[in-house]
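Using the sequences and the hints given, assemble the complete structure.
Chains F and A, in that order, give the protein sequences.
Basically the working numbering = 1-based index in the first sequence + 7.
Basically the working numbering = 1-based index in the second sequence + 658.
These are computed hints drawn from the structure, not numbers from a lab.
Because the structure is a prediction, the values reported are computed rather than measured.
Just so you know, even glycine gets a beta-carbon here, dropped at the ideal spot from N, CA and C.
Warning: the hint list may mix true and false statements.
[To be verified] Partial selection, computed: residues in chain F whose CB lies under 8 Å from chain A:
#1 17
#2 44
#3 58
[To be verified] One side only, chain F facing chain A, incomplete, derived with CB under 8 Å:
#4 8
#5 9
#6 40
#7 46
#8 49
#9 52
#10 56
#11 61
#12 93
Here are the chains, one letter per residue:
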Amino acid sequence: MLAKTFAGILLGLPLSLALVAVAIWIWPGSSESVTLPFLVAFFPVWTGIMGGTYMFRSGARAWAWLAVANVAAFGALFLAKHTMPGL
Amino acid sequence: MKASTVRTFTVVHTWTGLLAGFALFIAFYAGALTMFHDEIDTWASPRAEMARADTMDRAAKMLEGIVATHPGARDQVGVTFPADHPSHEVAAYWMDKNGDWKTQTLDESSARDAEDHEHALADFVYELHYDLGIPAIGIYLMGIVSVIYGLALLTGLLIHLPNLVRELFALRPGHNLKRLWQDAHNVIGILSLPFHIIFAITGALLCLTMVMLMAFNTVAFDGKLLPAFERMTSALPETTAKGDSAVMLTPAELGARARQAALASGAANFEPDYMRYVHYGQRGAAAEVRGTSTKTLGEYGMVSLDATDGRVLRVQVTGARDANHATYAAIFGLHFGSFGNVSLRWLYFLLGLAGAFLFYSGNLLYIETRRKRRQAEQPMKVRAMATATVGVCIGSCFAISVTFLGNLIGPMFGATPEAIVQPVCFTAFAAAVIWTFWRRPARAAVDLLWATALVSVLVGVLDMTIHGDRLIRTLAEGRFAVLGVDLVAIAMGAGFAWLGMATRKRAVEGDPCSVWSSRRPVTTAATASTTAQEA
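Here's what the structure looks like:
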């Protein structure tokens, strides 16, 4: 349970950051015009991930899946940074 | 949902509640009072006079003096408007060469540090709300508490989701006290859920926005977010100083023009409450006037103007603003309950007290769940939880009432309220905690509730006695702030007295096999088990 908790806190934080950032980057039209509303979603998304992490069958699975999700989200962020106009 | 999942979420709910509950109790109690910040501020400083008609002209002269003595203030200098709050100070704010914020009020002849923690009563209670009175790190601590609070809300909702509607209408008084507390906790939690979601999100944002922005700025936006954030939250366009000196329009003039522009853009009204100049005294100077409008979710709006000719540059007020400005204003509006009139503030006040009850009842449920029903002596964790709950929760109510009393009688002994509110509050709080350790929670709860009741009633009655002339004068002027604070203090005193009586009844007549019983341990095991069955 403690393993899941820390997975949710430590891996959930960068994951929610990357998810929200990607949403801002790929927003059609001006990203800057919707930045603040999307940033508001950061804490709820993180909280949701922390809560959802307890649904994993074990701590190891939680760490593994959240790590994979982080790689995917930061990969998407990397792509977005190099292909989208940004702020 | 599987039973094991519900169990997991129950454990998370318990632990998040334990971690954040105490800080949240204080934040909600102090926050409920802060809904009437301006009334308390008026009440707390009987000598503060009504804003004079020439206040903003004097403010203009003050700004001239400030930029003459502190050239650094030319880059950016702000000044507050008295708005419609008679006790609001008109103060200038600027950043000096070392990056420290300085301030100077109309009545002061020189600048002082804006970050000092010398607060008057209302601001002190407000500070307790957002940082528990802990300088520097307290606000980040409360930000983390807000995140934990969000997780507690989510898990609490998930636990009760299967029975949500059924439990909403269940409040079962009777022999089973635990079930009554559980029902009350659930009903209040579910009914005020939207309000709690608002606070978990906006509370985290208000405390941790800078940290969050810095993380996003570095990781996701390569340093472009911070300058963009400035554009997203202000109405000032990019401006450059052109060197030559120029005469600035006064705050009063700029405020009036900003108001005109806001009304022309469709705002119902616009009361300037703060403005700032950039490049003060130079050609190319601009000003941004922030003001409040009613009939909107986010009351704050901004208008930027050329500070030399008063030309309107940009308008970001209700009905005429973009998604970023609307969101930013809504965060404040939702958190501060400023999107309605006085009845909304009362609603926020009551929901704030209900929130404090929610965290208190959560702790009681922790204790009831782990209670040993057949023995008087309770486990260590139950006793520790009871001591902490009484000491911190009732202790903070007591400390805040004592602080009001200190603010009232301190000046009679030559003390300035700003200098004593914090030490008085912290001393009273420490005394309450020590008292709880010494007397054990069952008796200490009764003592502290009675003491809080007595002090609260005294606050109202003494103020009416000592400052009776002021009370009559404000009533004659049709202002009810002073009377309101007096009456609410007395009413809350009555409320605490009622809680004290109920707690005493519980301590004397209730099940002796509980940490809340003040009776000596019952000798035979047989009597203990009979009483346990009765309960």
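Evaluation of the provided hints:
Because the closest C-beta pair between residue 17 of chain F and chain A is about 13 Å apart, greater than 8 Å, the hint is violated. A least Cβ separation of about 5 Å between residue 44 of chain F and chain A falls short of the 8 Å threshold, and the interface hint therefore holds. Because the beta carbon of residue 58 of chain F sits about 5 Å from the nearest beta carbon in chain A, less than 8 Å, this interface hint is met. Against a cut-off of 8 Å between C-beta atoms, the interface hint on residue 8 of chain F holds, since the closest Cβ of chain A lies about 7 Å away.
The interface hint given for residue 9 of chain F is broken, as the beta carbon of that residue sits about 10 Å from the closest beta carbon of chain A, more than 8 Å. The interface hint given for residue 40 of chain F holds, since its Cβ lies 6 Å from the closest Cβ of chain A, which is under the 8 Å cut-off. The beta carbon of residue 46 of chain F is positioned within 8 Å of a beta carbon in chain A (closest approach about 7 Å), and the interface hint is therefore held. About 6 Å separates the beta-carbon of residue 49 of chain F from the nearest beta-carbon of chain A, less than 8 Å, and the hint is met.
The restraint placing residue 52 of chain F at the interface with chain A is violated, with a minimum CB-CB distance near 11 Å, outside the 8 Å limit. Against a cut-off of 8 Å between C-beta atoms, the interface hint on residue 56 of chain F is violated, since the closest Cβ of chain A lies about 10 Å away. Evaluation of the residue 61 of chain F hint against chain A yields a held restraint, the C-beta minimum of about 5 Å falling below 8 Å. For residue 93 of chain F, the shortest C-beta to C-beta distance to chain A is roughly 7 Å, which falls under 8 Å, so the interface hint holds.
Consistency note: the structure conflicts with the earlier hints numbered 1, 5, 9 and 10.
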